[in-house]
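A.B. asks: As they're listed, the protein sequences go chains A and B.
Residue numbers for the first sequence, in my numbering: 191 to 305.
Residue numbers for the second sequence, in my numbering: 11 to 119.
Worth flagging that the hints you see were computed from the coordinates, not collected in a lab.
Check each hint, because a few of them may be wrong.
Here are a few chain B residues that face chain A, going by a calculated C-beta distance under 8 Å [unchecked claim]:
(1) Ala-38
(2) Asp-41
(3) Tyr-97
(4) Lys-106
(5) Thr-111
Computed far set for chain A versus chain B, every beta-carbon distance over 10 Å [claimed, not checked]:
(6) Ala-214
(7) Ser-223
(8) Glu-262
(9) Met-289
(10) Gln-294
The beta carbon of each residue, even a glycine, is placed where N, CA and C say it ideally should be.
Here are the chains, one letter per residue:
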Amino acid sequence: NAGVTQTPKFQVLKTGQSMTLQCAQDMNHEYMSWYRQDPGMGLRLIHYSVGAGITDQGEVPNGYNVSRSTTEDFPLRLLSAAPSQTSVYFCASSLRDPMESDEQYFGPGTRLTVT
Amino acid sequence: LAKTTQPISMDSYEGQEVNITCSHNNIATNDYITWYQQFPSQGPRFIIQGYKTKVTNEVASLFIPADRKSSTLSLPRVSLSDTAVYYCLVGDEADKLIFGTGTRLQVFP
């Protein structure tokens, strides 16, 4: 199993540009999440999905869109990038709800810089 | 949203026991408390999870008091490779996952 994969590893955008961060998992996990981590800070939940076709907002959803058309993939879209979205983005997956006795598996992260 | 607080940093020496406490108010009644370890330029990695009292696995123990307003991660006999940032993760009453602020553990020889 490859686990959780994320592409790209690094990305530089100009303010106003849009892009999609890709996340895929091959563990048949139902639950997937996107987090951002700013320098010296903890992770903050952006959006999550409890299964294909179902998504919900986390703590900091503004400026981001998600969709879950398949169990394997959970892309994160930045509609109009802003410097405040400069961060490291982590995707995670778990078999069940991570708050109900299950661990999350994290991808390697995407480092995004918006100029 | 739940608010979680951890010490910013801790220092230890190899072979010592390290205890890291996370304070969390307004956590969801039925949700578990989870701890993760993160090395530089990597995603967090699961360490241990519990609901109340004490949980132990091969790498750590987790102590949760009856009121569940805090939790303590215990790392027995740390080594240099345990140098990392440690995060608690809780669910709040709005069913949102909230990571703690993180504790940077430095282990010295």
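A.B. asks: Indicate, hint by hint, whether the structure satisfies it.
C.D. replies: Checked hints:
With 8 Å as the threshold, the beta carbon of B/Ala-38 comes within range of chain A, its nearest partner Cβ sitting at about 7 Å, so the hint holds. For B/Asp-41, the interface hint holds, since its Cβ comes within 8 Å of a Cβ in chain A; the closest pair sits about 4 Å apart. The interface hint given for B/Tyr-97 is met, as the beta carbon of that residue sits about 6 Å from the closest beta carbon of chain A, less than 8 Å. A least Cβ separation of about 6 Å between B/Lys-106 and chain A falls short of the 8 Å threshold, and the interface hint therefore holds.
For B/Thr-111, the interface hint holds, the least distance from its beta-carbon to any beta-carbon of chain A being 5 Å, beneath 8 Å. Look at A/Ala-214: its CB is around 14 Å from the nearest CB on chain B, clear of 10 Å, so calling it non-interface holds up. Interface exclusion of A/Ser-223 from chain B breaks down, the closest Cβ pair being 7 Å apart, not more than 10 Å. A/Glu-262, annotated as away from the interface, keeps every beta carbon of chain B farther than 10 Å; the closest lies near 18 Å.
The claim that A/Met-289 lies off the interface is violated: its Cβ sits roughly 4 Å from the closest Cβ of chain B, which falls inside the 10 Å cut-off. For A/Gln-294, the non-interface assignment is contradicted: its Cβ lies about 7 Å from the closest Cβ of chain B, within the 10 Å cut-off.
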